[in-house]
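Number of protein chains: 2
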Amino acid sequence: MDFSRLISDKMLGVKASAIREIFKVAGKPDVISFAGGLPAPESFPVDAIKEICADILDNDPVTALQYGISEGYAPLKELVLKRVKEKEQIGNANDDIIIVSGSQQGADLTAKVLLNEGDGVICEEPSFIGCLNTFRTYNAKLYGVPMNDDGMDLEVLEETLKINPNIKLIYTIPTFQNPSGITSSLAVRQGMLRLAQKYGVMILEDNPYGELRFSGEKVPTIKSMDTTGNVIYLGSFSKVFSPGLRLAYLILDKGVMEKFVVGKQATDVHTNVFSQMIVARYLDKYDIDSSIAKSRELYKHRCGLMLSCMDEYFPKNVTYTRPDGGIFLWATMPKGTDSGKLMLEAVERKVAFVPGSAFMTDIEKPSHCFRLNYSTMSDEKIEKGIKILGELLSERL
Amino acid sequence: MDFSRLISDKMLGVKASAIREIFKVAGKPDVISFAGGLPAPESFPVDAIKEICADILDNDPVTALQYGISEGYAPLKELVLKRVKEKEQIGNANDDIIIVSGSQQGADLTAKVLLNEGDGVICEEPSFIGCLNTFRTYNAKLYGVPMNDDGMDLEVLEETLKINPNIKLIYTIPTFQNPSGITSSLAVRQGMLRLAQKYGVMILEDNPYGELRFSGEKVPTIKSMDTTGNVIYLGSFSKVFSPGLRLAYLILDKGVMEKFVVGKQATDVHTNVFSQMIVARYLDKYDIDSSIAKSRELYKHRCGLMLSCMDEYFPKNVTYTRPDGGIFLWATMPKGTDSGKLMLEAVERKVAFVPGSAFMTDIEKPSHCFRLNYSTMSDEKIEKGIKILGELLSERL
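Those sequence lines, one after another, are chains A and B.
Position 259 of the first sequence, counted from 1, bears residue number 263 in the numbering used here, the numbering being contiguous throughout.
Position 2 of the second sequence, counted from 1, bears residue number 6 in the numbering used here, the numbering being contiguous throughout.
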């Protein structure tokens with residue numbers, strides 16, 4: 005049967021993620037992969053989860069296994085609201101919360117609630133491929149705004165908003181951005197919020213890495229400065245607890261909450277209750293801060309090691325970001341070079357990374373940049389892999 | 005802030021589920037609720053799940069807690085394919101499987117992959133409100149085809165397909181349908197498949213209750229007769245294991261698989277891995293068939309009791325289905341009566357059910373039918389609640 009007549013227009017143009025294809029190569033055991041985006045498995049609080057599971061199944065199994073409600077497990081909602089208030093000064097009388105099945109679903113629901121086909125979404129250029137693909141599956145038009153060292157270029161942002169009245173949403177990862185590792189400055193955050201208010205658009209502030217700061221000064225979240233309801237805040241447990249459990253949350257104005265709940269209902273009814281209970285009990289009875297502190301130390305070490313190896317082995321015409329946290333950094337080769345071609349050669353030498361084109365609004369255009377991940381690698385592999393990559397770069401540039 | 009300009013057209017018309025609003029009333033402890041659709045909590049295999057969780061966290065915690073792949077946990081995929089082959093004769097060389105976060109997500113992905121705004125979906129009239137709402141969130145046009153005692157009216161189905169070339173999908177729950185309890189006959193199933201092939205449309209066969217047969221002869225699934233790839237089969241663990249874990253699966257032709265995987269990736273990356281491992285180990289090491297057999301006995305008893313109470317207390321001008329399985333039955337009052345009004349009166353007498361209008365393509369139109377659920381009630385409550393309802397019906401009709 006020829007299914008092509010039956011496939012929706014919005015899915016015709018969306019390809020399987022380039023990263024996914026790279027993973028097939030990168031997943032081979034003899035390849036040193038800097039292509040991933042996984043948290044370090046040694047950060048998973050396995051013993052605590054084991055205790056919690058036994059406790060839930062002893063004392064409250066029916067709640068865990070029966071249908072739940074679309075907004076989320078009430079104790080988890082309370083604990084998250086308390087935590088974001090303390091840590092990020094987020095949450096006022098107009099804010100509400102909905103638990104979602106991972107950050108990707110948070111972006112998907114935002115797209116479902118806000119976007120008609122052809123509506124515009126502004127994203128950082130480069131940005132997280134997963135969410136760009138989510139917006140693509142709604143036939144949204146993506147407008148990339150280039151990243152400076154301190155975040156989105158505000159002049160280009162305003163110009164883009166001014167000439168494109170179809171824009172409804174600004175998608176940003178202001179802290180330790182994926183893929184660039186860049187943290188937007190306070191001034192850029194304030195500017196984005198001011199422009200969102202001026203042009204009557206929403207901001208989706210995606211902050212999965214915010215708690216993974218290992219150097220520099222904390223910068224306030226955009227949502228903490230939002231008094232008008234323009235900001236939807238997307239927090240996640242994937243990088244600070246476990247990604248396999250698929251747990252994230254949206255904090256948003258009550259004025260849009262109902263549509264998000266209806267969207268969630270129509271999407272997967274509710275998020276896995278057992279997993280919501282696991283995280284709720286962990287937040288309530290265990291010390292997530294000390295667990296996150298350990299991850300920070302680990303990532304600080306691995307990022308520092310990767311950077312010092314890059315300083316040693318990379319040719320001087322390759323520059324790179326020096327992140328204050330998170331799990332990614334971003335390398336830039338001279339203009340006119342193609343990191344896609346470089347990747348093919350690197351894979352032959354058993355090293356993988358993700359070429360920059362994957363993170364662009366136009367994935368067909370070659371990029372002279374690439375992303376490196378350092379969160380799960382041993383010291384030995386970081387040293388060996390970066391040395392190989394440095395040699396390849398020196399030969400080619 | 006006025007958010008109305010920013011809400012997508014497709015979400016403007018979708019309301020929070022009527023059932024959901026009824027649940028707020030029905031959830032009060034002094035109300036006898038036949039409004040739900042929950043599996044009996046005594047059917048949850050809590051002890052087994054406890055053993056399995058400990059085993060997973062002792063022996064394979066990183067797999068459970070780390071990112072997984074979009075298609076699903078490979079051992080679960082294998083076990084499900086083996087099971088549907090044995091139980092339902094489903095699965096040929098062209099079929100593939102994707103694990104989803106509950107049946108609702110299966111319908112959502114199907115809509116995402118197939119439907120442009122304005123495309124048509126044929127559904128049984130009445131049908132499951134959750135999936136109708138999913139299709140509504142894609143701005144699909146719903147075409148209701150009336151249900152006879154043996155399933156969809158095939159003449160109306162063909163007429164509808166003939167005059168509406170925008171139709172791409174037939175949505176059906178052929179076995180112990182929600183809300184009617186009706187099981188489509190073999191002839192109707194064959195007819196639906198033939199018409200889907202003739203008009204080049206897909207069938208989404210939603211079968212969450214299929215294993216809960218407590219009387220009558222098994223009827224083959226539509227998917228088991230599909231040689232052309234027109235049928236997408238949606239199976240679920242919600243009614244035979246646990247709904248809180250949100251686990252279901254789609255079995256579909258390889259020709260559409262890639263788009264479903266891309267859609268899944270863009271929606272929530274992958275389904276909760278820990279829960280997939282729990283079900284996989286349960287299928288592999290425990291006896292799910294004997295657990296399901298216990299549910300069947302329970303539902304047989306409760307359905308039988310409800311029907312005998314209805315026979316005793318309901319006035320003779322109210323007719324009702326006598327399901328061979330599943331968890332719902334469907335009552336029909338004389339034409340011109342309004343089950344919505346009846347529901348308000350019933351709630352005053354502390355009994356709840358769902359009026360038929362909730363399950364119609366046009367939810368504004370009054371219905372003289374209503375749905376009763378019997379899966380979670382004690383004998384005492386079934387007897388008491390049906391008696392109250394019978395008295396109310398006798399007074400009003």
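Derived by calculation from the structure, the hints in this document are not laboratory data.
Check each hint, because a few of them may be wrong.
Same chains, same names: a pair is fine if it fits in one copy or spans any two.
BS3-like cross-link-like pairs, simulated, lysine-lysine; straight-line CA separation at most 30 Å [what the hints assert, rightly or not]: (1) K391 to K369; (2) K339 to K258; (3) K86 to K28; (4) K354 to K339; (5) K19 to K145; (6) K258 to K19; (7) K14 to K166; (8) K54 to K289; (9) K28 to K339; (10) K54 to K91; (11) K258 to K32; (12) K19 to K32; (13) K81 to K145; (14) K320 to K81; (15) K258 to K28; (16) K202 to K298; (17) K32 to K81; (18) K388 to K86; (19) K14 to K145; (20) K202 to K388; (21) K298 to K32; (22) K289 to K304; (23) K145 to K391; (24) K81 to K54; (25) K304 to K222.
Tested hints:
1. For a Cα distance limit of 30 Å, the shortest separation of K391 from K369 inside one copy, 28 Å, qualifies, whereas the shortest one across copies, 71 Å, does not.
2. Taking the closest pair of Cα atoms, K339 and K258 never come within 30 Å of each other, the shortest separation being 46 Å inside a single copy and 41 Å across copies.
3. In this assembly of identical chains, the alpha carbons of K86 and K28 lie at most 30 Å apart only when taken from different copies (26 Å versus 40 Å within one copy).
4. Proximity of K354 and K339 under a CA criterion of 30 Å is satisfied intra-copy only: 25 Å inside one chain copy versus 73 Å between copies.
5. For the homomeric pair K19 and K145, the shortest alpha-carbon distances inside one copy (16 Å) and between copies (27 Å) are both at most 30 Å.
6. In this homomeric assembly, K258 and K19 come within 30 Å of each other (Cα to Cα) only across copies, at 16 Å, whereas the closest approach inside a single copy is 35 Å.
7. Taking the shortest Cα distances, K14 and K166 sit within 30 Å of each other both inside one copy (26 Å) and across copies (26 Å).
8. In the homo-oligomer, the alpha carbons of K54 and K289 lie at most 30 Å apart both inside one protomer (13 Å) and across protomers (20 Å), since each shortest distance falls under that limit.
9. In the homo-oligomer, the alpha carbons of K28 and K339 lie at most 30 Å apart inside one protomer (29 Å), although the nearest pairing across protomers, at 61 Å, exceeds that limit.
10. Within a single copy, K54 and K91 get their C-alpha atoms as close as 27 Å, which meets the 30 Å cut-off; across copies the closest is 34 Å, which misses it.
11. Taking the closest pair of Cα atoms, K258 and K32 come within 30 Å of each other only across two copies (25 Å); inside a single copy the shortest separation is 47 Å, beyond that limit.
12. With identical chains, the CA atoms of K19 and K32 are at most 30 Å apart within one copy only, with a shortest distance of 23 Å there and 48 Å across copies.
13. Taking the closest pair of Cα atoms, K81 and K145 never come within 30 Å of each other, the shortest separation being 33 Å inside a single copy and 35 Å across copies.
14. In this assembly of identical chains, the alpha carbons of K320 and K81 never lie at most 30 Å apart, being 49 Å within a copy and 49 Å across copies at closest.
15. With identical chains, the CA atoms of K258 and K28 are at most 30 Å apart between copies only, with a shortest distance of 19 Å across copies and 42 Å within one.
16. Proximity of K202 to K298 under the C-alpha cut-off of 30 Å is found in neither arrangement, the shortest distances being 41 Å within a copy and 61 Å between copies.
17. Taking CA atoms no more than 30 Å apart as the test, K32 paired with K81 passes between copies only; the shortest distance there is 22 Å, against 40 Å inside one copy.
18. For the homomeric pair K388 and K86, neither the shortest alpha-carbon distance inside one copy (44 Å) nor that between copies (44 Å) is at most 30 Å.
19. Taking identical chains as interchangeable, the C-alpha atoms of K14 and K145 lie at most 30 Å apart whether they share a chain (11 Å) or sit on different chains (17 Å).
20. Taking CA atoms no more than 30 Å apart as the test, K202 paired with K388 passes in neither setting, with 50 Å inside one copy and 60 Å between copies.
21. In the homo-oligomer, the alpha carbons of K298 and K32 lie at most 30 Å apart inside one protomer (28 Å), although the nearest pairing across protomers, at 45 Å, exceeds that limit.
22. For the identical chains of this complex, K289 and K304 are intra-copy neighbours only, at 27 Å inside a copy versus 43 Å across copies, given an alpha-carbon limit of 30 Å.
23. In the homo-oligomer, the alpha carbons of K145 and K391 never lie at most 30 Å apart, since the shortest distance is 40 Å inside one protomer and 58 Å across protomers.
24. Taking the closest pair of Cα atoms, K81 and K54 come within 30 Å of each other both inside a single copy (22 Å) and across two copies (25 Å).
25. In this homomeric assembly, K304 and K222 come within 30 Å of each other (Cα to Cα) only inside a single copy, at 15 Å, whereas the closest approach across copies is 61 Å.
The structure fails to meet hints 2, 13, 14, 16, 18, 20, 23 from the earlier list, while all remaining hints are met.
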